[in-house]
Structure formats: C-alpha cells, structure tokens
Amino acid sequence: MSDKHLSTQFDTELAAISNRVLEMGGLVEMQVGQALHALTNFSADAADEVLRQEERVNQMEVDIDRELSAIIARRQPTARDLRLLIAISKAIANLERVGDEAARIARTVGRLIKAGIPTKLPLADLDFEANLAIAQLRKALDALARLDTARALEVLKQDDLIDQEFDGLLRKLITYMMEDPRTISACIDIVFVAKAIERVGDHAKNLAEATIYVVKGTDVRHASVADVENVVR
Amino acid sequence: MDWLFRRLLGALALALACTLVLAGIGALVGSPVLGAALGAMLATGVLVLRDSVKASRLMAWMRVAQGTAPRDTGLWGELAYRIERAFVAGEKRVVEERQRLEQFLAAIEASPNGVMMLDANEQMLWCNRVAAEHFGLDPEGDRLQRLTNLVRSPTFVAYLQSGRYDEGATVPGPLGRTTLSVLLRDYGNGQKLLLSQDITERERNEAMRRDFVANVSHEIRTPLTVLSGFVETLAQLKLSEPERQRVLQLMAQQTTRMQSLVADLLTLATLEGSPRPTADRWHSVSTLLERAKADAIALSAGRHELRVSAENDAQIAGSDSELLSAIANLLNNAVRYTPAGGRIDVNWSRRDDGSARLDVCDSGVGIAREHLPRLTERFYRVDGSRSRDTGGTGLGLSIVKHIVQRHGGSIEIRSEPGVGSTFTLHLPAIRVRTLNASRGADAPVEV
Numbered sequence: 003m004s005d006k007h008l009s010t011q012f013d014t015e016l017a018a019i020s021n022r023v024l025e026m027g028g029l030v031e032m033q034v035g036q037a038l039h040a041l042t043n044f045s046a047d048a049a050d051e052v053l054r055q056e057e058r059v060n061q062m063e064v065d066i067d068r069e070l071s072a073i074i075a076r077r078q079p080t081a082r083d084l085r086l087l088i089a090i091s092k093a094i095a096n097l098e099r100v101g102d103e104a105a106r107i108a109r110t111v112g113r114l115i116k117a118g119i120p121t122k123l124p125l126a127d128l129d130f131e132a133n134l135a136i137a138q139l140r141k142a143l144d145a146l147a148r149l150d151t152a153r154a155l156e157v158l159k160q161d162d163l164i165d166q167e168f169d170g171l172l173r174k175l176i177t178y179m180m181e182d183p184r185t186i187s188a189c190i191d192i193v194f195v196a197k198a199i200e201r202v203g204d205h206a207k208n209l210a211e212a213t214i215y216v217v218k219g220t221d222v223r224h225a226s227v228a229d230v231e232n233v234v235r
Numbered sequence: 286m287d288w289l290f291r292r293l294l295g296a297l298a299l300a301l302a303c304t305l306v307l308a309g310i311g312a313l314v315g316s317p318v319l320g321a322a323l324g325a326m327l328a329t330g331v332l333v334l335r336d337s338v339k340a341s342r343l344m345a346w347m348r349v350a351q352g353t354a355p356r357d358t359g360l361w362g363e364l365a366y367r368i369e370r371a372f373v374a375g376e377k378r379v380v381e382e383r384q385r386l387e388q389f390l391a392a393i394e395a396s397p398n399g400v401m402m403l404d405a406n407e408q409m410l411w412c413n414r415v416a417a418e419h420f421g422l423d424p425e426g427d428r429l430q431r432l433t434n435l436v437r438s439p440t441f442v443a444y445l446q447s448g449r450y451d452e453g454a455t456v457p458g459p460l461g462r463t464t465l466s467v468l469l470r471d472y473g474n475g476q477k478l479l480l481s482q483d484i485t486e487r488e489r490n491e492a493m494r495r496d497f498v499a500n501v502s503h504e505i506r507t508p509l510t511v512l513s514g515f516v517e518t519l520a521q522l523k524l525s526e527p528e529r530q531r532v533l534q535l536m537a538q539q540t541t542r543m544q545s546l547v548a549d550l551l552t553l554a555t556l557e558g559s560p561r562p563t564a565d566r567w568h569s570v571s572t573l574l575e576r577a578k579a580d581a582i583a584l585s586a587g588r589h590e591l592r593v594s595a596e597n598d599a600q601i602a603g604s605d606s607e608l609l610s611a612i613a614n615l616l617n618n619a620v621r622y623t624p625a626g627g628r629i630d631v632n633w634s635r636r637d638d639g640s641a642r643l644d645v646c647d648s649g650v651g652i653a654r655e656h657l658p659r660l661t662e663r664f665y666r667v668d669g670s671r672s673r674d675t676g677g678t679g680l681g682l683s684i685v686k687h688i689v690q691r692h693g694g695s696i697e698i699r700s701e702p703g704v705g706s707t708f709t710l711h712l713p714a715i716r717v718r719t720l721n722a723s724r725g726a727d728a729p730v731e732v
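First to last, the protein sequences are chains A and B. For reference, each letter of the first sequence is one residue, going 3 to 235 in my numbering. For reference, each letter of the second sequence is one residue, going 286 to 732 in my numbering.
Keep in mind that the hints were calculated from the coordinates and are not lab data. Positions of the beta carbon are idealized from the N, C-alpha and C atoms, including for glycine. Any given hint might turn out to be false.
[As the list claims (entries may be wrong)] Here's a subset of chain B near chain A, in silico, CB distances under 10 Å, partners left out:
1. Asn406
2. Glu407
3. Asp427
4. Asn434
5. Pro439
6. Val442
With these hints in hand, go ahead and build the complete structure from the sequences.
Written out as structure tokens, the structure reads:
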C-alpha cells in the first residue's frame with residue numbers, strides 16, 4: 003500500500019504489517035486452491051498439505067494481532083492510519099476463518115476417500131462454485147493491497163452469484179439423495195463442502211467492506227449494494 | 286575579447302563625452318567641476334541603466350525558458366545566444382537519451398518473457414506488458430507497490446525472500462490457471478531482476494505424456510495378467526477337453542485385445558510420424574462408403590438398419606486407407622452403441638462454399654454432454670467396461686480425429702442421451718470435388 007507522504011518509521015511499520023497481512027492472505031489462498039484440488043482429484047496428499055498449513059495460519063493471526071496492538075499503543079494513530087489498522091484486524095480474523103473452511107473441506111475429502119468415492123457426484127458444479135469463491139478472495143485481497151474501492155465494490159456485487167450457486171447445488175444434491183439413498187452420507191458431506199465454499203465468498207465480502215472502510219471512512223457492512231455504490235463514488 | 290574592448294571603449298567614450306559636455310555647460314554657469322561631476326554621474330547612470338535593462342530582459346527570458354532569446358549586440362547579445370545554444374544542446378541530448386531508453390524498453394516489451402525490476406524493498410519499479418499479464422499487475426498503477434502484496438503465492442514469496450537464486454522456481458500464475466517459471470537475479474544496489482516464462486503448455490504436455498504412458502501400461506497389463514493366469518492354470522491343473530478349449534478361447538480373446546491395442550498404437554505413431562497426405566490422389570467417396578458399410582454390416586449381423594447415401598461422382602483427395610479407416614471406425618462405433626433394431630444413417634453432402642461433410646447418425650444410447658469435449662482423447666471412455674467388452678481400445682476416435690485433421694478437416698460430435706448421436710467429419714473444399722464438374726479440365730486418376 004504505497005502512500006504519498008514521506009517515509010517515516012511509522013510508515014515503514016504500516017507497510018510491514020500490511021505486507022504480513024497480505025502474506026497471510028496468500029497462504030490462505032493457496033490453502034483454498036489446494037483444498038479444491040484435493041476435492042476434484044480426490045488427492046489425499048493435497049488434503050494433508052492443507053491441514054499442515056493450518057497451524058501456520060493460526061500462528062500468523064496471533065502474531066499480526068500482537069504487532070497491531072503494539073503499533074496502536076506506540077503510535078496512537080488517527081484517521082486513515084487508524085482505520086487501516088482496524089481493517090487489518092478484521093482482515094486477519096476473516097482470513098483465519100477462510101483457512102478453517104479450507105481445512106474443513108480437506109478433512110471432508112479425507113473422509114470421502116476413506117469411505118470409498120461414490121461415482122456420481124456433482125463435482126463440476128462444486129468446482130464452478132469454488133472457482134468463483136477463489137476469484138472473489140483474490141479480488142478482495144488485491145483491492146485491499148491497492149486500496150481500490152472500485153474492485154472492492156465488484157466483490158460485493160458478485161457475492162450473490164455464489165449464494166445462487168450454492169442454492170442450485172443444494173437442489174441438485176437433494177434429487178441425488180432422493181434417487182439413491184445410499185449416496186446420502188456422501189451427499190451430506192458435499193453439502194457441507196459447498197457451504198464452506200459459500201462462507202469463503204462471504205469472508206471475501208468482509209475483506210472488501212474493510213477496504214472501503216479504510217478509504218472512505220464509512221462502515222458499509224449490512225448496507226445495500228446501492229448504498230455502497232453511493233459511498234464509493 | 287574584442288567585445289570587452291568595445292564595451293570599455295564605448296563606456297569610456299560616453300563618460301568622456303558626458304563629462305566634457307556638462308563641464309562645458311557648467312563652465313557657462315560658472316562651475317565646470319560640478320558640471321564635470323554631473324556629467325560623470327550621468328554617464329555612469331546611463332551605462333548602468335542600459336546594462337540593467339538588457340540583463341533584466343535576459344533574466345526574464347531565462348526564467349520562462351521558452352521562446353527565442355532576446356537578440357542583441359555586444360556582451361548581452363552574445364551571452365543570450367550562448368545560453369540559448371546550451372539549452373538547445375541540452376534538450377537535444379535529453380531527447381536522444383529518451384529515444385535510446387525507449388528503444389531499450391521496446392526491445393524488452395517485444396520479449397515473449399516477462400521482465401520486471403524490483404528495488405531493495407521488493408517494490409516494483411518497472412515491468413513489461415508480458416510480466417504484467419503473467420502476474421495480473423497494472424504496469425502503471427502498481428509502481429512502487431510491494432510485489433508480494435499482489436503476487437502472494439507462498440512459493441513465490443519464499444523464493445523471493447530466500448536470496449538464493451541459482452535456480453528458478455515454478456509458481457502458479459494468478460487465478461491458478463497458468464504455471465510460470467520464474468528466475469531472479471540481483472543487480473545494482475540491492476535491486477532485483479525478475480524474469481518469468483509461461484510454461485503452462487509445457488507442463489500440460491508433460492502431464493499428458495505421463496498419463497499416456499500410464500494408460501498404455503495399464504491397458505496392456507490387464508490382458509497380460511489375465512493371460513498369465515490362464516497359462517498358469519493350463520500348466521498346473523488337469524482340465525477336461527471342453528474346459529481346456531474354454532480356457533484357450535478366453536486366452537485368444539485376450540491376445541486379440543492386445544493385438545488391437547498394439548495395432549492402434551502403431552497406427553497413431555505412423556499418423557504422427559508421416560507427412561500429411563497430398564491432395565492429388567482422388568478416390569471415389571461411394572466406393573469408400575461401400576467398403577466401410579460392408580464391414581459394419583458384418584459387425585451388425587442384421588441387428589441394425591444401415592443406410593448410406595452419397596453422390597456417385599463425389600470424390601475425395603488424400604489417403605484412401607486412412608479415410609477408409611476413419612469411416613469404418615465411425616460406422617463400427619455406431620453399430621456397437623446402437624441397440625438391436627436401431628438405425629444408422631451415413632450421408633455425404635456438399636456445402637455452398639465447396640466444403641463437404643460426412644454425417645454418421647445413429648439412434649443409439651447417446652453420450653452425456655460432459656463427455657463430449659473429451660471423447661476424442663486417447664483412452665477416454667464414457668463407460669469403461671462396456672467399451673472393452675465390445676473390443677474397443679479407447680483409441681478409435683483419437684485416430685479418426687488425427688486422420689480428418691491430416692486431411693485439413695475437423696470432427697464434430699453431437700449427441701442426446703437416449704436418442705442418438707451424430708458424428709460429422711468436415712472436409713475442406715480443396716480436398717473434395719464432383720467428377721462431372723472437373724471432366725476435361727483435369728482427368729481424374731482413379732487409384
């Protein structure tokens with residue numbers, strides 16, 4: 003997040019902590035991608051990789067929060083700098099939860115592999131929903147890095163798409179379960195996976211809201227899309 | 286130096302003149318000394334005034350630094366002229382340097398690889414367009430942005446921060462659809478040069494090759510395992526004559542299966558290795574269709590209704606053996622995947638633009654939409670067990686696709702599960718003709 007004022011020690015600290023947050027974002031992005039790969043290829047290795055990273059993500063949340071408190075105590079920031087630090091605090095909480103969702107997906111894949119993979123699963127639809135969520139997460143993190151409210155607004159607008167995908171998937175899974183009750187166990191697992199993906203999309207939305215808060219000073223959580231558009235313009 | 290003399294002489298002359306004149310006037314009123322003094326003061330004043338005016342004009346021009354310098358004679362004129370020349374020369378140098386820089390940048394922009402410059406704080410100083418595409422960056426807007434804020438892949442971050450750049454690293458591109466090979470080099474004062482190359486295609490080909498080898502091994506190992514089991518049975522067990530015959534029959538089936546597979550593999554290898562068939566050997570379409578039809582009827586054994594239609598004079602240029610193989614393959618697939626009592630139509634037609642199409646329509650089981658794009662992949666099977674039982678190797682459609690592409694055409698597949706499928710071969714105009722039209726102009730050679 004390059005800013006126009008002269009480089010001071012405080013600026014260096016802000017830049018460093020912003021960089022750490024985005025590093026955490028990158029780690030979590032990789033986790034979600036790996037979880038999706040584990041799901042579509044039924045790869046136990048990929049699932050294990052996701053679970054191995056969980057420890058590191060949790061540690062990063064703790065470390066960054068500590069650094070955050072130290073900066074606020076030391077510098078007593080105001081206005082935009084303070085909003086940036088508050089947004090960072092929210093961002094890492096959301097990112098840690100995305101990591102949790104990825105871990106959940108990985109554990110489900112592990113369970114499905116052990117139970118024997120049923121042949122007829124709507125994996126293509128899951129793949130589509132997941133790619134939407136991954137794109138949203140990436141867009142939200144990019145918007146945060148560039149403090150780009152236009153991109154953040156796009157993320158907010160596209161959140162509905164993921165919700166619609168989830169609803170469609172749920173309906174499809176219900177028909178599968180009705181056709182063949184032997185698949186119920188696997189289908190319920192898939193429902194949880196789809197829900198986890200939908201939550202990743204929601205966390206991306208929260209990141210976008212935090213970005214708008216930093217730049218515009220307005221908290222746009224729970225506001226309608228039209229209202230947010232007015233704020234961003 | 287003569288400007289100095291002129292100036293001094295002029296000043297002296299003016300001073301002398303003013304002093305003498307005013308001394309004279311002063312003498313008339315009784316104080317020549319006062320007059321002389323006044324004259325000297327007057328001369329000095331005029332000279333200072335004149336210099337100041339010229340200097341201020343020059344100063345004004347220099348402050349604005351635009352337009353032409355004030356013209357003058359003597360000191361100020363020459364000063365102005367020389368300053369203007371220095372300005373012009375300086376600007377010319379800047380323009381030349383800028384052009385050289387632009388040529389360098391244009392050369393780097395033309396590179397198929399991504400080139401990026403990072404400063405000691407890992408901030409992006411400059412990147413070419415290809416690098417911007419590789420990493421999803423904005424070449425202008427993202428300047429001085431810390432690179433790891435936007436390129437967040439943990440593999441990349443670890444590589445960048447390791448400081449060890451003897452080898453490159455393979456990192457996923459943004460959105461995970463591409464794979465990039467990345468190389469870093471230190472230069473200057475803690476700065477880094479980043480080179481990136483898109484190796485998605487290369488990785489995909491490697492993966493395809495690995496899959497192919499794995500598939501072939503699997504396809505051969507399965508019948509071999511069965512066969513060796515039977516061999517062991519024959520060697521160790523005492524079997525009755527009918528039992529022995531049964532085992533030998535099953536062994537024959539497995540060897541036939543392996544032979545078909547090897548034959549198809551060799552066909553594929555030959556197709557890939559040989560040059561494309563030329564477009565000067567013409568063959569009758571109806572003859573090819575009749576031959577393929579005969580094979581299909583034998584395979585169908587009366588269970589299907591088979592209809593073939595083509596103009597008698599239609600001809601196609603290329604390799605008759607390859608074309609026959611392709612058509613036979615499609616017909617045999619239609620027979621295998623259509624239940625008894627079904628119908629198969631083969632139709633050859635020309636389009637207005639001269640190109641032709643061969644449609645093989647069946648009323649068979651059809652193919653689900655998700656399989657259609659992958660149907661012509663090697664070893665791709667919709668339903669593995671059924672395909673193997675009916676003698677399929679998994680390579681048939683791949684061979685058909687190769688053949689039709691070698692003849693400048695393409696294959697199109699449409700299908701509806703439960704209703705039927707249509708496999709269409711499209712052939713370009715230069716490879717097809719109607720015999721009547723070309724009679725006289727170029728006598729066809731029937732081979």
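Verification of the hints:
| no. | hint | verdict |
| --- | --- | --- |
| 1 | Asn406 | holds (8 Å) |
| 2 | Glu407 | holds (9 Å) |
| 3 | Asp427 | holds (7 Å) |
| 4 | Asn434 | holds (4 Å) |
| 5 | Pro439 | holds (5 Å) |
| 6 | Val442 | holds (6 Å) |
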